[in-house]
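Residue numbers (the numbering used here), protein chains in the order written: chain A, 1 to 301; chain B, 1 to 266; chain C, 1 to 421.
No false leads were mixed into what you were given.
Below are the SDA-like pairs computed for lysine to any residue, each with C-alpha atoms no more than 25 Å apart in a straight line:
{"#": "1", "chain 1": "A", "residue 1": "Lys294", "chain 2": "B", "residue 2": "Val147"}
{"#": "2", "chain 1": "C", "residue 1": "Lys54", "chain 2": "A", "residue 2": "Ala267"}
{"#": "3", "chain 1": "C", "residue 1": "Lys202", "chain 2": "C", "residue 2": "Ser217"}
What the hints contain is simulated information worked out from the structure, not anything from laboratory work.
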Amino acid sequence: MIRILSPVLIGIAALAPLVLPTYFVSVATQILIFAVLAMAVDLLAGFTGRTPLCHGAIFGTSAYVTIYAASVVGWPIGLAMLTGILAATCLAMVFGLLAVRTSGVYFLLLTLALGLIVWGVCLRWTEITGGENGLRAQLREDLGLSTRQLYVAVLVTVLCATAAMWRLVRSPFGLTMRGIKEGEGRMASLGYDVTLHLLIAFTASGFFAGVAGALYAVFNDFASPSIVQLSSSVQGLLMAIVGGVGTLFGGFVGAFVIIAMEQTVSAFTERWPTVLGLTFILMMIFAPEGVVGKARLLLKR
Amino acid sequence: MFEAPVLSLSNITVAFGALKAVHDVSLKLRLGERRAVLGPNGAGKTTLFNAITGSTRASSGRVVFEGVDMTRMSPQRRAHLGVARTFQITNLFAELSVLENMRLAARGLSWRKFSLMGRDRLSHTEAAQVEAALAASHLVGREATVVREMSYGEQRQLEVAMALVGTPRMLLLDEPAAGLSPAERTHVAAIIRNLPRNLTVVLIEHDMDLALGLVDSVTVMQNGRVIVEAAPDEIRNHPLVQEVYLGKPHGVGEAEQEGRANAHTV
Amino acid sequence: MTKLLTSRRSLLKSSAAAAGAIGMPSLVRAADAARPIRIGLLAPLTGVIAAGGKELVEGFQMYWEQVGMMAGTRKVEIVIEDDASNPDTALQKARRLVEQANVDFLFGNILANTGLAVANYVKNTGTPYFIPVIAADDLTQRTRIPNVIRVAGYTASQTAHPLGDWAYKQGYRHVATISQDYTFGHEQCGGFAQVFTEAGGKIVQQFWHPLNTSDFSSYLGQLVTAGADAIFAMETGADSTRFIQQYASFGLKGRIPLLGSMNATDQSVIRTMGADAEGIISCAHFAEGSTDPVTVKFVADYEKRYQKLPSIYGFSHYSGAMWVDEALGKIRGNVEDRALFLKTVLATELVGSPLGKTVKLDAYGNPVYDVMVRKVVKRPDGKLWNEPFETYPQVSQFWKYDPETYMKQPPYSRTFQGIKA
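Work the whole structure out from these sequences, hints included.
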């Protein structure tokens, strides 16, 4: 029953925004993009047990590079996006080299510090990044896409990225990642080079964060230090946690919950971060496994 | 013992600060030999295992396996050379199924583990190995069970199965029967007894009766040193062994390096 | 949703005044006439500049209250959104105002990065966007967007240019600058430095400090030894308060004259300060201590309404609202015809400005002002304010340069300060 119903429901959910007013189409586009970021975070947090706090920086780097390449250098947008993704992937590899030997709170703090470096560079390297004013472009206009067309383009890209991530976590490498999460020492004695595998996982995760960042560049036409700062990384992580760490698809639910909540709550009060914080605390008390995780548990019962 | 030893330890010392958990230990194993390492808590048995598998590096001395000096190698390099082990404290992937645990074990030595987009299946040879290892460990039919939901005895069996699946050349068993009921012990003993004869086995075991019935030779350790090396039938009446196991304990204030439970000590 | 949003978020409810709709000229279609003009006001109500954001709303609110929430002959409805002092939030809220709340035009923002993000967005939608506080030079210079107009606003370097000239005329030949390290600071310092050095002065040293610097001692030590006749400080908000206090407590006050950027001695800063701030010279188009009767009345009204003297944020949004209202009056509230609306705003001369003088826009959509040299003094009741004592008439964003030539030089940045060696 669920097997038949779920693809239908997902299809309806994916196409529903097209009949909504354009503002909601924009919100839906944003949800899709952040879902990819949340899933990229989940690849590390949920499958290797390493919780990163630098994915906002990787995501933002991709957006910055995309906008820079397209609007300053003047490359075609497709090429600019690929360059953005490549830059994010390389950055993730460098971060990975520095971070994967650590774990737990040290990994968290080290990735946090690495993210802060990116933020500092974006803020201070004014000649390239535009400093606190950021970089602006008209990518959407240049592509000639309406809000609805952009949504469809993003939807298709996001579905491809999601399929790739799903393939990844179900691959032999995916099992390796879960093995590392469950028992690093044991993996080594079985012949696995844990550091190397974590580096690959980190780089792959950075690649997907880069995909999200390049899409965001086109969606937002704008990149400023606020997208590479810590709160951006925290937001990606929160989405992964709310959706359910280790569930992958939870990224969609987490992005939806947080962005929808921001949209509705901020219409009533400026204190919406407080409301978000309280919701998060309640969530951690009553459903620490996240929305999708909890649903799975209930379905099993 | 004229043939070249499979494993040769010379003057191995493992020091943690001032404490020498393993102190100047030398021993040699021949191909297919089954050796028990006995001794009280804190004697340095598991630390010696760690020095052999690479989880801990020896502070001094040499570890040579099949003619290759692996003193400074990482655990995964040693695994590639054919050294497999089980863990004294169950060290399985608790949230994964038996088959997934076996897959991880089977793939540890193959390039397939790097497949990012491939399907999570085993090759025919790997599948055959897994099947054989599960059969040898009496776990056929339990493939889909999540490890966390298995009995402790079954988890010990899976430990052995995982160590066997890569067709290792030497197997280190760290208290495979610890914490098991008498019936389960007999079961594990049978599994060990039926291991292929060309596999060199080193066994740490507290249960002297169980150990002596399984091995060709015995090393007894105390305070990080080897105090006796002898055949099983000489061990029981050996005065030094009796002193260690029955007499005045030396172990007052002895460091609990190996952090184990004492419940089942003989 | 839209309705709900409006009713919950509107600080200002349009008073009925249906009578005003009677006698509507045929120019405006009946349906449009019945509909109120809806303004989207973006203000940083949270985040680093939240205090300024509240004053922005106050100034805007005060104007529309005074005219009974009517523009031309149509009711006015204001939808307020918090930009959280963050450009991404500002962009998102602008999208919401335009696409969901269907506002006729946007107003507001304080931080340059939020304004630039919104301007980039309206470039595509064509929504008119009025920015009385967003001072980023290029928005009305090199990268002008036709539907972004700086009503009652100013460019960052506009009031810094005359201060450079004034400083030279005081006999200062060596000046050191200290500034917050971001574009607004780079542009103000650049404006000062270019005019001052072109007159023959010398910038002996420039210091750039991060936003939210709490301890200025290392900079003050270097300022003392820089060999300057005067110091130009470009500061805003809490940085300005701290800098002025530490300047005094390190004994520099009275030793080296302190010139401030217009924000450095704004009411939002000196309102809570004491003698430390007295005597600082700055240049601005607005001075709350002016003796012009129109300004005196505005300041008194504002003080009565909000129990404080108006800051640049409140003043600018009050004047900006008036500007757009005057334009709407001319076209009978026909905000639907965007081209006409924008053209009219650009052509409108602000007659009723609290400055007491008519203000007009230059060809690039930026106002031309009589810029006053002001000094912080204590009023009889003990409150500090800026009193003007000299005027530079008709100062445009291009100072005395030819616009085309001026825009050929690069925008001011940390590396380009227009300094003539």
